[in-house]
Amino acid sequence: MLEIKNLHVSIQGKEILKGLNLKIGFGEVHAIMGPNGTGKSTLANVITGRDLYDITEGEIIYKGKNLLAMPIEDRAREGIFLSFQYPVEIPGVSITNFMRASLDEIRQYKGLPPMAAGEFLKYFNEKKNLVEMTANLAKRSVNEGFSGGEKKKNEIFQMAMLNPDLAILDETDSGLDIDALRIVAQGVNKLKRADNSTIVITHYQRLLDYIVPDFVHVLYDGIIMKTGGKELALELEEKGYDWIKDQGKA
Amino acid sequence: MDKGEDQLLKDVTQNEYKYGFTSNIDTDFIAKGLNEDVVRLISAKKKEPEFLLEYRLKAFRKWKTMEFKEWAHLKIPKIDYQEIIYFAAPKNTKNLESLDEVDPELLATFDKLGISLQEQKILSGVAVDAVIDSVSVKTTFSETLSKFGIIFCSFSEAVQNHPDLIRKYLGSVVPIADNYFAALNSAVFSDGSFCYIPKGVRCPVELSTYFRINAANTGQFERTLIIADEGAYVSYLEGCTAPQRDENQLHAAIVEIVAHKDAEVKYSTVQNWYPGNKDGKGGIYNFVTKRGLCEGNNSKISWTQVETGSAITWKYPSCILKGDNSVGEFYSVAVTNNHQQADTGSKMIHLGKNTKSTIISKGISGGKSHNSYRGLVRINKNAINARNFSQCDSLLLGDRCGAHTYPYIETNNSTAIVEHEATTSKISDDQLFYCKQRGIAAEKAIGLIINGYAKEVLNKLPMEFAVEAQKLLAISLEGSVG
Ligand SMILES: Nc1ncnc2c1ncn2[C@@H]1O[C@H](COP(=O)(O)OP(=O)(O)OP(=O)(O)O)[C@@H](O)[C@H]1O
Ligand SMILES: [Mg+2]
Chain W
505 MLEIKNLHVS
515 IQGKEILKGL
525 NLKIGFGEVH
535 AIMGPNGTGK
545 STLANVITGR
555 DLYDITEGEI
565 IYKGKNLLAM
575 PIEDRAREGI
585 FLSFQYPVEI
595 PGVSITNFMR
605 ASLDEIRQYK
615 GLPPMAAGEF
625 LKYFNEKKNL
635 VEMTANLAKR
645 SVNEGFSGGE
655 KKKNEIFQMA
665 MLNPDLAILD
675 ETDSGLDIDA
685 LRIVAQGVNK
695 LKRADNSTIV
705 ITHYQRLLDY
715 IVPDFVHVLY
725 DGIIMKTGGK
735 ELALELEEKG
745 YDWIKDQGKA
Chain G
2 MDKGEDQLLK
12 DVTQNEYKYG
22 FTSNIDTDFI
32 AKGLNEDVVR
42 LISAKKKEPE
52 FLLEYRLKAF
62 RKWKTMEFKE
72 WAHLKIPKID
82 YQEIIYFAAP
92 KNTKNLESLD
102 EVDPELLATF
112 DKLGISLQEQ
122 KILSGVAVDA
132 VIDSVSVKTT
142 FSETLSKFGI
152 IFCSFSEAVQ
162 NHPDLIRKYL
172 GSVVPIADNY
182 FAALNSAVFS
192 DGSFCYIPKG
202 VRCPVELSTY
212 FRINAANTGQ
222 FERTLIIADE
232 GAYVSYLEGC
242 TAPQRDENQL
252 HAAIVEIVAH
262 KDAEVKYSTV
272 QNWYPGNKDG
282 KGGIYNFVTK
292 RGLCEGNNSK
302 ISWTQVETGS
312 AITWKYPSCI
322 LKGDNSVGEF
332 YSVAVTNNHQ
342 QADTGSKMIH
352 LGKNTKSTII
362 SKGISGGKSH
372 NSYRGLVRIN
382 KNAINARNFS
392 QCDSLLLGDR
402 CGAHTYPYIE
412 TNNSTAIVEH
422 EATTSKISDD
432 QLFYCKQRGI
442 AAEKAIGLII
452 NGYAKEVLNK
462 LPMEFAVEAQ
472 KLLAISLEGS
482 VG
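Here the protein sequences come in this chain order: W and G. Under our numbering, the first residue of the first sequence carries the number 505, and numbering increases by one thereafter. Under our numbering, the first residue of the second sequence carries the number 2, and numbering increases by one thereafter.
Be aware that one or more of the hints could be misleading.
Said to hold, decoys possible - With a cut-off of at most 16 Å between alpha-carbon atoms, the simulated EDC-like pairs for lysine to aspartate or glutamate come out as follows:
1. G/Lys445 x W/Glu507
2. G/Lys427 x W/Glu593
3. G/Lys59 x G/Asp179
4. G/Lys456 x W/Asp608
None of these hints come from the bench; they were simulated from the model.
Build the full structure now, drawing on both the sequences and the hints.
This is the structure we're talking about:
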C-alpha cells in the first residue's frame, strides 16, 4: 500500500525527518509513537501533501504511484485520509454541505455521478450512527465551536463517510473521554476492511487496546528507531523513550 | 502564501466576466448629451403628464447647480455627462400578449443569463418584469396579482395608469436634491418598476425584476417605487447582469420604498453588473440611492444585497424609522476583485420610539480591489429606546486588496443602545489544506468557505435567489486563496 524510502524532510532549514523508512501492507494497522516534536505530525502532513515542508531526499510510493508528485486533493481522492491532530474550524459551512462537496469531488474523480440527495442523507445518517454523533452536532458548521473531543469525533465521522484506503489518525485519542475513546475506536474497527490500512499516531497504549496494531514503531531522532509488535507499546508506557535512544546508539 | 496558491489567486483575479456578450436588439436612441430639451424629449416620448415633466425639469435645474462630492473611499474618473445617451428603448415595445411575441434575440439573451422567462413563468411562480435597457418588455403574472389589487408594472405604465399614486409618492423618500446622482436620475429616469400592495394584502408571490444594460453608451437611470399600504407585505427581488463593455457605463438608479402602518417590505438584490476586465478597464459605475421610509407604526423594511459586480459601487440602502416600533434591517455581502471599488453600507435614521435596526455587512475582497463599509446610525432626540446592532466583517483574499470600515454613530437620546462589532479575517492555509485533504479542490473550497462566511446574509434571501447568489459568489472569486 505505502512505502516510504529514505525520507528527509526539513522545515525552515531544520531537518525533522532524517532518512525515514516505512512499509505498510494492505490490511495492516501500524502504530507510530514517539516523544513530542519528533515529527509524527510532520510525517502525516508530508504523506497527505501539506506544502510547508522541504522534502530534500527520498520517495513515497502509494499503490504503485509516486505520491509526492500528486496534488493534495488527488491523494485524498485516491483514498488517503488524515484525521487531524488539530482540526480547523470552517465557519458557516455545515458538515452536511462539506461532506456533500467532499463526496461529490471524490466520486467525480472516480467517474461516478454525484449522489442523489435522498441517497446522500441516508448514507450520512448511517455513518452518523456508526460514531454515535448526535444529530445536533451534525447540523452545525464544520468544527465551529466544537469541544476538543467533538472535533475528534467529527474527524472519525468524516472517515466513515469517505471510507479511505489509508487512514492516518494523528492523536485522535487525545482529548477524548473514556466513552468517546471506545466509540471512536469501535468506529475505526468497524471501518476496517481486509484491504485498507491504518496508521495510528498516539502517545498512549490505551487506544491500542481497542485498535490493535500489527506493528508499533518508535519515531525518534527523525527515523523509525525501533519496530515491534503491540507489546512494544506496553514496554514504552512502562519505560519511556530513553532506553530506545540508548539502544539506538548501541 | 505559496506559489501554487499565488497562481490560483491570479486565476481568480483573471476570471473573465461570464455574461459578457451583446445582443442585437433594434434600439431607438436619442442623440447623446443632456440639456433641457433632452429632458423634455424623454418626457414627450413617454407621453408623460405635465406634473412629471415639471418634476424632471426642476430636478434638472437643481442638478446643474450641484457638484459630486468625493466623500467616499473611491477613485472616480471624471464622467462626461454630455457623452451619455439618455434614452434608448428596444423598438419593439407594443404590448405583447404572450412570450411568442417577444423578440427571439431578447429571449436568447435571457437564456444565456439563465433566466428563461418560460421557466420562470412555469416553474418558479415568480412574477417577472423584465427590463432591457430602459423600457419594460414583458410583465407576467400581472393578472394573478390584480386579483389581490396589487399593482406591479413598469414605471412608465404606472405613470399612465396610476398617475395619482406616482404624484403622491415619487420623491417622497428620496427628494430631488438629495444628492448629485439622485437629482440626475430624477431629471432623466427612463423606466423601472412600480409596485403597490393595498391595505391588508400579503403579496402571494415574490416580485422580481431583472435589469440589464444593453445598448452601448447608454446610461441607465431606473426608477423604482414600492408602496406597502397598511398591514401589507411584499418580498421584492431585483437582479441584474450586464454584457461586457469597453467604455464605462453610468448607472444611477433610485429605489424608494414606503411602508405604512404594520406593513413590511423585504427588498433583495443580487447585483452583477460588468465589473471591468482584469486590468480595470471598462465596467459599470453604479451610483444608487436606495431608501425606505418606515412611515407608520410597527412597519418594517429589510434590505438584503449581494453585490459582486460593477467597477465602482456607491450604494447605501437606508431606512428612515419614522413610525414608533418600526424596524430597519440591512444585510449585505459585497465582493470586489481585480480593480473593483465598492463603497457601500447603510444608514439607519431613528426618529420614532422603540425603533430597532440591524446592520450585517460582509465584505470580501480579492485582487487589487478596495471594499469599504460606510454606515451611519443616527438616533434623533425623540427616538426613545432606540436600538441598533451593527456587525461589519471583512474577508481578505491575498494581500494586495484593501478593506475599510467607517461606522458613524450619532446619538441624541440617552436611552439609545448602539452596538458595533467589526472583524477582519483571511481564508487560512489550514482551512484550505483541510478542504483539499477531503478531496475538495481549491476553487471549490474557496467557494464553500466564502458561502459559509456569507451565510448569515444569504439565508435572508428568498430560496430562488439564494441559490443564484451562491453560484455568483463562487464564480466571482473562483479559486481564490488567502
Ligand atoms: N510550521 C512550522 N514551523 C517551524 N517549525 C515547525 C513547524 N511545524 C513543525 N515544526 C517543528 O517540527 C518538529 C516536529 O513537529 P511535529 O508536529 O511533526 O511533531 P510531533 O511528533 O507530531 O509532536 P507531538 O507529539 O507534540 O504532536 C517540531 O520541532 C516542531 O516545532
Ligand atoms: Mg503531532
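Legend entry - Hint numbers contradicted by this structure: 1 and 4
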